Amino acid sequence: MKLKQEIASINVNKNAMIGLVLLILIIFIFAVPAFTETDLTQEIEDENIVNSSGNNTGDQAAGLNDTTNKSAGPVSIPLEKPPFID
Amino acid sequence: MIMRSKIIISIAFLCMLFLTGSASAAVDFPADEAGISAYVKASPSIDINDTKSAFASIECETADYIIGTVEMWGHTEEQQPHIYVSKDGWIVAYYPNNRPSSWIIPWYSYNTIPNGNSTLSDAVNILVNKVGGSNAGLKYYNFNFPDATKIMLIAESTTSSNYFNVTVPNSFSLYEAGWSHYSPYIHSVGSTNLDGETFSSGANLKYGIFDTLTEFSKGNEHSIAVSSSGESVFVGLVLVYAE
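Line order of the protein sequences matches chains Y and U. If you read the first sequence in my numbering, its first letter stands for residue 10, the second for the next number, and so on. If you read the second sequence in my numbering, its first letter stands for residue -16, the second for the next number, and so on.
These are computed hints drawn from the structure, not numbers from a lab. Quantities reported herein were computed from a predicted structural model and do not represent experimental measurements. Since no wrong hints were added, every one of them can be taken at face value.
DSS-like mimics (lysine-lysine), calculated; alpha carbons at most 27 Å apart, straight line:
{"hint": "1", "chain 1": "U", "residue 1": "K122", "chain 2": "Y", "residue 2": "K90"}
{"hint": "2", "chain 1": "U", "residue 1": "K133", "chain 2": "U", "residue 2": "K122"}
{"hint": "3", "chain 1": "U", "residue 1": "K122", "chain 2": "U", "residue 2": "K189"}
{"hint": "4", "chain 1": "U", "residue 1": "K70", "chain 2": "Y", "residue 2": "K90"}
{"hint": "5", "chain 1": "U", "residue 1": "K113", "chain 2": "U", "residue 2": "K35"}
{"hint": "6", "chain 1": "U", "residue 1": "K189", "chain 2": "U", "residue 2": "K133"}
{"hint": "7", "chain 1": "U", "residue 1": "K113", "chain 2": "Y", "residue 2": "K90"}
{"hint": "8", "chain 1": "U", "residue 1": "K70", "chain 2": "U", "residue 2": "K122"}
{"hint": "9", "chain 1": "U", "residue 1": "K35", "chain 2": "U", "residue 2": "K122"}
{"hint": "10", "chain 1": "U", "residue 1": "K70", "chain 2": "U", "residue 2": "K35"}
{"hint": "11", "chain 1": "Y", "residue 1": "K90", "chain 2": "U", "residue 2": "K133"}
{"hint": "12", "chain 1": "U", "residue 1": "K113", "chain 2": "U", "residue 2": "K70"}
{"hint": "13", "chain 1": "U", "residue 1": "K201", "chain 2": "Y", "residue 2": "K90"}
{"hint": "14", "chain 1": "U", "residue 1": "K201", "chain 2": "U", "residue 2": "K189"}
{"hint": "15", "chain 1": "U", "residue 1": "K201", "chain 2": "U", "residue 2": "K133"}
Isolated chain U, as found in the complex (with noise of 0.2 Å):
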């Protein structure tokens, strides 16, 4: 009887043990180069020379992980993010923290923004389906803003003029204010303004972040224009702020 009770304390001992090492594993990520990221347990367990193949680039690999690019159409190489794939099943694309939040806006796929699709979601769908995964459960965090709780996506696109306006509300915190321009025709000639100062033109793809003491303050409404000579040209804004 003794026995058997040592044995349930030890199990239990042991069920406390696995399951909070599983919560807290994936080996060696580089919390220290990531900026905004989106990650998910795709599954107990992946075989990581299994999703080599998915990869266009890889920059990491050891026994437990991947670090490395992978292919999106429609994306330059610049804009792909970095995947980590690590074998106890962790699957996280991240940007590097040097870059806004706003690279997460999918150009090439305007029409996903409402479904919460971002480039990040994108690339980790690669993987996973590559190991059979599930996507269920993705998350994001911003490893720059460890108190922020919410990014905000907004877009708009022309082919002569258009506009939004975002007020932040005074009681909130807003860590960032994040905006792309992408005028992917070279003949079209377009621009963006905040409150009228133009902040980006011409045609290609920039991404930037506006001061959020002076330029982008709270409390206030702010416009975000775009405009066009013909063909269509897009200008994104993504907030990052806590209630």
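Excised from the complex, chain Y in its bound form (with noise of 0.2 Å):
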């Protein structure tokens, strides 16, 4: 009977370290994506990747009624495939 007691009781301490280790796992697939996600402004100017130049290129951008010679950019924006796609 004692012996009956005791193996139940390591089946249940079994379940439950199952339950414990899925519930970590979860935590750890979902949680640690939303702190790794980047932030975009951090990839502005990103000039290394794809070479460019010219007289004024990189200078701060005028507005469409400025009639002086800006440049906007380079600009260089992450491409990531959306989670609801299958």
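Starting from the two chains in their separate frames, assemble the complex, guided by the hints.
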């Protein structure tokens, strides 16, 4: 009888451990990416990847009505597959 | 004790199913019609009925999502991207897959290009503000080129002549080199050229692509120039590539 109780106790602890491991796994899978998402602004001015040059490239951009000659960019933006697409 | 452990395991599986479900939601997004896109999970859920007033036109409406266009200052109707809003919180702005990525250049707010702004992000923000959500984590994707990992925007303006040079390394994969020519003043005579060859001229807004094998090949420096007879004329280049 005592032996049966001990076996049952071991099984209970084993099941509880499996549950705990699964929970930790879920938290790890879904929480880690949330903390490692990149900010788009960090990718701006990534001039080393594609080289570009010009007489004004990299200057502060002008408004549409500005009559001076100015450049905008280069601006590099990462592409990432949406999670809602198979 | 056995019951408690079973409950824990059940909860773990339910959490897994719930979280997986929320990540893969966005019902019936028309991925087969979309090209360059910007998307964000603006909110855990959206009452799509509350978003209707933000739409200039509605193309498709179901109980789960709405697809339409939003009014954008400085844009023609053709320039307005399509917007998808789903009840599970996703907002996606996209251009149809037959349009080059250069449609995202926000000519009406040229000075925001260095901040990473685009016509798509501006369209998403209209809906984000409407639902009181957040645009944090806004991302881009091009459904035409699933292997592409980056896009690059470069633009130039002039009242006389101006240019920029670009070299795409041979080790890169170049999927698209899209251009846009914007000449908003009808009295201005402007033109744009690639390596000395004119590819657009006149007063208007035009979009196109360069052939990446012949016109805009990798490993060679290419010069894009813009000229004007007096008023501001703009040229932009959008590269879709992978390192």
